[in-house]
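S.K.: One letter stands for each residue in the lines below.
Number of protein chains: 2
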Amino acid sequence: MTTNRKEVARLAGVSEATVSRVLNGIGPMKESTRVRVIEAAKQLNYELNAVASSFARGKSGNLGVVLPHVPKVHLFSTYYFSEILSGIGEAVRSKGYGLLLLFRDPATVYDYVSLFRTQRVDACIILGASAVDTDMEGVNRLAEERLPFCVMDQRFDNPSVSVVAADHEQGSYEAVKHLIDKGYRKIGFLNGSPQYSNSWDRMTGYRKALNDAGIKLDESIIYEGNYSRTSGNRAANLVYADLEKLDAIFVSNDRMAIGLMQGLRERGCQLPEDLKVVAYDDSDAASLTEPPLTTVKVPFYEMGRLAAEKLLSRLTDKDETETVINEKLQTELKIRKSSGN
Amino acid sequence: MTTNRKEVARLAGVSEATVSRVLNGIGPMKESTRVRVIEAAKQLNYELNAVASSFARGKSGNLGVVLPHVPKVHLFSTYYFSEILSGIGEAVRSKGYGLLLLFRDPATVYDYVSLFRTQRVDACIILGASAVDTDMEGVNRLAEERLPFCVMDQRFDNPSVSVVAADHEQGSYEAVKHLIDKGYRKIGFLNGSPQYSNSWDRMTGYRKALNDAGIKLDESIIYEGNYSRTSGNRAANLVYADLEKLDAIFVSNDRMAIGLMQGLRERGCQLPEDLKVVAYDDSDAASLTEPPLTTVKVPFYEMGRLAAEKLLSRLTDKDETETVINEKLQTELKIRKSSGN
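Protein chains in written order, with UniProt numbering: chain A, 1 to 341; chain B, 1 to 341.
Simulated from the structure, these hints should not be mistaken for lab results.
This list has only true hints and no planted wrong ones.
For identical chains, the list gives no copy identity; a pair is met inside one copy or between any two copies.
Simulated pairs of lysine-lysine, BS3-like, Cα-Cα distance not exceeding 25 Å:
| no. | residue 1 | residue 2 |
| --- | --- | --- |
| 1 | Lys30 | Lys59 |
| 2 | Lys30 | Lys6 |
| 3 | Lys42 | Lys59 |
| 4 | Lys328 | Lys95 |
| 5 | Lys310 | Lys72 |
| 6 | Lys334 | Lys72 |
| 7 | Lys72 | Lys95 |
| 8 | Lys334 | Lys208 |
| 9 | Lys72 | Lys328 |
| 10 | Lys59 | Lys6 |
Kindly produce the complete structure, drawing on both the sequences and the hints.
M.R.: What follows is the structure in C-alpha cells.
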C-alpha cells in the first residue's frame, strides 16, 4: 500500500501527502492537482476504498447503531427495526462504511461517549430510545460532547439533540378522522408503551381528531399495550367486554392490531362487522391479514436512510459538523377493509 | 468496580488512569506497562468484559457479518436475514461484543482477509454466500488463512470452511412426503435460485420423496423463481396454465408461495381447493395468509446464535482455535390449511 501511494505520487508529480489528501477528500486542493492524482491512481490501478481512507484519517469507518436489548424479542424481525436498519444499511453501504450494531441494557446509562473515544464509531444512531431516565441521561451526556449522533423517532427537549422522526400526531389524527368521516363516533384507542414520545404524539392526534369533530373523549375506552402482538391479544379481553361502547378502535401498531383481531375472532367476533380497526405502520403483514388492515404507513426505511446520510455527510463536510439534524417525515393513511370499506 | 481498579493499579504500580487506558486500549502505552497491568488484573481476578479485554489484546471487540448487497431489497426485512441476525445479535450481545455489518458486492471477490488484518473484526460470519465464482473464491481465500469465520447455510466442498446450515434435504423430503401421504401424486415444485446449495438440497429432497413413493419425476411441472414474492407471483402464470397437471405444489419459501397464491387467486382459483400448497421457512406471514400455509419451519435464529457462539468461544478457548465448525440443524413441518387440511 505504501509503495503504491509512492508510485501514484511519482506519476502525478506530487508529494505522498498530497495523494492522501486528494484520495481522502481532505481540505482544499487545486482542481488540476486533484485530477492529476486521480488519473495517476487510475492508471496504476490504485484502489482506495472509503474504509482504507477512513483508516488513513485515524477513523473506524463505522457508523454505530445502538439498540436496546429486549429479552426474548427478535429485534431484527420487527418491522420497525428491520426497516429502519435497512435504510441505514443502504446509506452506510453506498458510502463504503460498516454498520456497527451495539446493544444497550435499558436499565443502565449507556456510555455512548466512549464509543467515540475508543474510535469504534465515527458517528452514531440511537434506536429505541425512550423518556426513561437512563435513556435521557445517556443521550444528554452525548449531546454535551457535540459528537455526531442522531436519535431515531424519539423527541428530546434538549435542542442540541439531533432527531429524525415521523409525524405521528398527524398520522394518528388522519387515522381517527378517517373513522369519523365514515360516520363512527365511539372510537376507542389501544396505545403502546407510554415511555415513547411517539405514543404521546399518537394520543395527541387521537384527542385532536375527536375534539375537532365535537366528540367527547371517553377515558374508559382507552387501552394500553406495549406494541407487541401478545399485548394486543391480551387487550382483546377488555375490548370484547366493551364492545357495546365501541364502533371502532384505533391501534398504535399493526402487531397489536393483529393480536387484538385474533383475540376478538377467538371470542366469536366478525371483523370488520363487529368492530372497525385502523392500525399503524403498514408492515408487510398489514395486507395479509383477514380483513386486510387500514393502517398508517410510516416511512421507516427513508427515516433510517436520511439519518445515516445526514450524519455521514456531517463527517466529511466541515460546514455541517455543528448542524443539529431535525427532520419530521410525513405518514400516509392506507385504506383497506378493516375499517369497513 | 472502582475499588477493584484501585487494587489493580496498586499491584501494578501505576495510576488508576493508566489501568483504564490499558484496559480500554487507549494508546499509546509502553508494552512493559501494558503487560504489568494485564498481569495484575489477572492475578486479582479483575473481570475484564469482553470488549475491554479485546481492546487490551489489540482486538476490535467486533464480530463481523458480511451480507450481499441486493439492490432495492430491504435485506433486514426478509425473514431469513432478520432471524439469523437476531440469533447472531443475541450471542454477540451476551458476550459483550459488537456486531459489525458489512456489505459486499456479489459481482466482486470480497477481501475478507483484510477485515482481520485491519482489526475491524475478531471473527466473521458470511451470510447469503452462493456457489458463484466470486463468492467461492472469497471464501476459499479466507479458509487458507485459517482465520475464525463461518458460512451460514451454504455448503462448500472445501473441508476447512466452517458451516452452520439447516437440513434442507430432509425438510423438503418431509414436505413432499406430507402431500404424498394425503394422496396427491401430481406434485409440482417451485424452487429458488440455483446458485444456492440449499436450492439443490431442496431439489434432492423433492426427487427422493417422489422416488420413494414410486412417482415418476415430471420435469414439466418444475418451476424456478428467486425466493422473492414477485418471482412467485410471476410463476402463477405458468402454474395456472398447468393446473390440470397439478394436485399440489411444493414452494421453496413462504414469500414465493404468498406471491404464487395471490397470482392464482387473481386468476380465479380457489385455494386450497384448486391446488394444495406446501411452503418453506415458517415466517411470521405463514400463519396470516388465507389459507394459512403448511410450511417447513427452519431454525434460523438458532443457526445464527450457534454460529456466533461457536466462533466467539473459538476466540477465547485456545484448544478450539483450529476446529472447523460443521453443524446441520433439523427442520420441522408445520401443518396448516394450505395443504388441504
